[in-house]
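Each chain is listed here by its residues.
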Amino acid sequence: MLEYAWLIPVFPFVAFLLISLLPKRTLFWEDGGGYAIGGAASAFIVSMLVIWDVINGHTLTGPAAPEATWLVIGSFTIKFGIWIDQLTALMLIVVSVVGTLVVIYSGGYMHEEGGRRRRYYAEIMLFISVMYGLVIASNYLEMFIFWELVGLCSYLLIGFWYEKPSAASAAKRAFIVTRVGDIMFMAGIIIIFKYVGSFDFETLFHGGGFASMPANMQTLSTALIFGGAIGKSAQFPLHEWLPDAMEGPTTVSALIHAATMVKAGVYLTARTYPLLVATPDSLILVAVIGGVTALIAATVALVATDIKRVLAYSTISQLGYMILGLGAGGYLVIHASTPNGYSAATFHLMNHAFFKALLFLCAGSVIHAVGTNDMRLMGGLGKKMRITSTTMLIGALAIAGVPPLSGFWSKDEVLAAVYHAGDWDPVFTLLWILGIATAFMTAFYMFRMWFLTFTGEPRSEYHAHESPKIMTVPLMILAGLAIVSGFALFIGQGFKGFMAGAIGDTPIHYEAEPLGDIAVEIFTDPLTYVSLVLAVAGILIAYRIYYMPGFDRSVFARGVPGAFQRALENRWYISKFYDDFAYKVVYGFSIVADLFDRYVIDGMVNGFAYLGANTGNRIRKAQSGNVQRYASLIVVGIVLLLIFVIYVVPWGRGL
Amino acid sequence: MIPIEYWLVFSSLLFAIGAYGVMSKKNAIVVLMSIEIMLNAANINFVAFSSYHTTLHGVAEASGQVFALFSIAIAAAEVAVGLGIILAVYRRYQTIDVDKINILRW
Amino acid sequence: MRTAVPRILAIIVLAILFIVTIYQVDWPNGAMDDTTNEDVGQTLFGTSNDVGYGLIVLLIGLLLLVALLGGVFLAKEEKE
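Protein chains in written order, with our numbering: chain A, 226 to 880; chain B, 803 to 908; chain C, 24 to 103.
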């Protein structure tokens, strides 16, 4: 079955072609929604079959994988192949489940859009198919191609309501900022190609070609590849595009900016693990950026008033967690030969995809009902939207890390991995403290959001009603997944054993622990209780401030807290810094370039033309129209010619 | 007898005089006459060569002089056409001064 | 006129060139023959085996006719 994995991207792509090319009246239900669901569902079925095979222990990597030759350039061939291992299976679960549920949900959410639904479904299908392609790619070049295509679809979908100038500029911003990351990615793989001569994962991970590079080039190339992840996964300093990307429809935010595209950066880092563990300096970079991002994003989320912005910042923060986990896990692989950090981060990836998509879709349901994104105008929705409020509560509990929901298991694993990596480098202990603080803040702002939206008295006039079944059923499915996906730690060999197979041939000693031991280990570790206590404390403080009446929130507006609050509201002025920088430096440079182009280059071209015209102008005066002058010129010419022929030529011949 | 060079020199001088006339005379009819002079110079050349070396194929033949005859006929035709043109030009510009007829200029 | 001087100069140079060239050529010796008009007539109308220019004479006559007609046409006055 695994050889047919290449069909997975084909189904949504066919759906894309059908939706965009068929005449309008054959599109039936919801302007193409039917085809979209069909494409997404078929891809889902095939991915489930593939995943079942992988769980049973088959992988399709290396020379056995089917591949097609695309370009032959001299002695180098570029191939398109597939690579299925446990990491791929994980990503397939995420993309297929969330993708299909979001497409079903869009059937209800985008109902009033009218003729634009067709464009929406076509773009969503294109996105899903290229995301699948990215996940099963077998060499860096193919992955990069799909990477760029994913960025393109993100641009198209963020700017879906293109007549809104904020949406159009947000789409541009997303594309340009991720482009910076993409350039770094490209530079990284080019450096690898220069030294090793190949892009294939097989050659790089198992062939030992990577080890033959000079050490500083190795570090540089892996750091640059991680740069691509920084851009696509919205890490500091390239994180500002994600909150602005909330200008797109909420389903787009759920699919792309919570569950799939931003995970592509984490996926890339995880996929590059065999290379990263050879360069510990890159691992420190990875971990530091992850930790810093997590903290910064969490602080800004504390004061966000737009419900989608809160979720966007929390996405950035959780991605920071994953990246931090991967960085720390690398140290664990190098020094302790356990895949703890790697498996923890990828486990958190899966769980986060589910509960973040759940949260976004609930937010979409709220926005659909109320008509506004601003939480200050909401309140008291819990009475009217029972299902949404319950599922969102489940999602908030999951992300805060309350057992037995999924977030608890994976967050704890990540924090434990970071703490243990501190044994080899004190930087990780510092990052652990940042992680703990972030966990506290996560719980706080999530419940702030929930309390502000669903409890209390309505703060403005709205007519809210529960969403139609087509929207609430995916919510319930995702809530169920958010609850149970944490228990994947305990099935089969345990998640750690499952993921250990994906790290190539770095020696990993992993004994399959009996599953009961895993649970015991978790609950007897004091670290678990630290993060649990902080999570509960965060929830309680949010409860005190936002639910119970009588707390004067204006205490935050004055003095030191006031300055802090303003800094947070301005997103630590990072966005402003980028805008100023772009305006002054880049615009100034572009003015210089424009002047150069206009005066020097155009000046030269114009100069040539002027020269030609001027010369012609002068020479034409020679035509006087006087026939006798012409005749005399002829005679003079003949005379000169005769002199030349009769005297000069024999003289020259005699020389 | 007279060396052939005399004839040829004579013809070249005539040619030069005709050329000068074409280049320097204001009146269009005088220019035509100078062209005639040049044509006649060429004719003299033909006749000269034909007179001195007639027994080319063993038979007395006078190709050069015949050619000169033809050339006179052509010259006559050309003068007829030329005078017609000068008449048309005069009708248009009321002058036959070649310096004044310079419309085909820049 | 000042433009006449170069012209005269050119003509004189041309004439001198011709003369000098002519005198430099080694002309074969020969005397002037007597060719009578009868000879010219014979050549023209071809009683020998070599050449007959009769046809050409007729054509030239035609050409003269055409040229004369053309000249008359060109010189005609335009009727209003």
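The set of hints was computed from the structure by calculation and includes no laboratory data.
Here the structure is a predicted model, which means the values were calculated and not measured.
Errors might be hidden in some of the hints.
The calculated DSS-like cross-link candidates involving lysine-lysine, where the alpha carbons are at most 30 Å apart (straight line), are [stated by the list, open to error]: (1) A/LYS846 to B/LYS902; (2) B/LYS828 to C/LYS99; (3) C/LYS102 to B/LYS902; (4) A/LYS419 to A/LYS304; (5) C/LYS99 to B/LYS827; (6) C/LYS99 to B/LYS902; (7) A/LYS846 to A/LYS397; (8) B/LYS827 to A/LYS809; (9) B/LYS828 to A/LYS801; (10) A/LYS609 to A/LYS694; (11) B/LYS902 to B/LYS827; (12) B/LYS902 to B/LYS828.
Quick list of the computed label-pair ranges, beta carbon to beta carbon [unchecked claim]: (13) B/PRO805 to A/LYS846: 33 to 43 Å; (14) C/PHE68 to B/SER873: 29 to 39 Å; (15) B/ARG907 to A/ARG878: 37 to 47 Å; (16) A/TRP876 to B/ALA878: 20 to 30 Å; (17) B/SER873 to A/ASN831: 52 to 62 Å; (18) A/ILE844 to B/PRO805: 41 to 51 Å; (19) B/ILE887 to C/ASP49: 25 to 35 Å; (20) A/ILE844 to B/VAL811: 15 to 25 Å; (21) C/ASP49 to A/GLY850: 37 to 47 Å; (22) B/SER873 to A/ARG878: 48 to 58 Å; (23) A/ALA838 to B/ARG894: 12 to 22 Å; (24) B/VAL811 to A/LEU880: 42 to 52 Å; (25) B/PRO805 to A/ILE868: 21 to 31 Å; (26) A/GLY813 to B/ARG907: 15 to 25 Å.
For glycine and all other residues, C-beta sits at the position ideal for the given N, C-alpha and C.
Each hint tested on the structure:
no. : hint                             : in the structure
1   : A/LYS846 to B/LYS902             : holds, 17 Å
2   : B/LYS828 to C/LYS99              : holds, 25 Å
3   : C/LYS102 to B/LYS902             : holds, 26 Å
4   : A/LYS419 to A/LYS304             : holds, 17 Å
5   : C/LYS99 to B/LYS827              : holds, 26 Å
6   : C/LYS99 to B/LYS902              : holds, 23 Å
7   : A/LYS846 to A/LYS397             : violated, 57 Å
8   : B/LYS827 to A/LYS809             : violated, 76 Å
9   : B/LYS828 to A/LYS801             : violated, 86 Å
10  : A/LYS609 to A/LYS694             : holds, 15 Å
11  : B/LYS902 to B/LYS827             : holds, 13 Å
12  : B/LYS902 to B/LYS828             : holds, 9 Å
13  : B/PRO805 to A/LYS846: 33 to 43 Å : violated, 49 Å
14  : C/PHE68 to B/SER873: 29 to 39 Å  : violated, 18 Å
15  : B/ARG907 to A/ARG878: 37 to 47 Å : holds, 42 Å
16  : A/TRP876 to B/ALA878: 20 to 30 Å : violated, 44 Å
17  : B/SER873 to A/ASN831: 52 to 62 Å : holds, 57 Å
18  : A/ILE844 to B/PRO805: 41 to 51 Å : holds, 49 Å
19  : B/ILE887 to C/ASP49: 25 to 35 Å  : violated, 44 Å
20  : A/ILE844 to B/VAL811: 15 to 25 Å : violated, 40 Å
21  : C/ASP49 to A/GLY850: 37 to 47 Å  : holds, 46 Å
22  : B/SER873 to A/ARG878: 48 to 58 Å : violated, 36 Å
23  : A/ALA838 to B/ARG894: 12 to 22 Å : violated, 34 Å
24  : B/VAL811 to A/LEU880: 42 to 52 Å : violated, 32 Å
25  : B/PRO805 to A/ILE868: 21 to 31 Å : holds, 25 Å
26  : A/GLY813 to B/ARG907: 15 to 25 Å : violated, 54 Å
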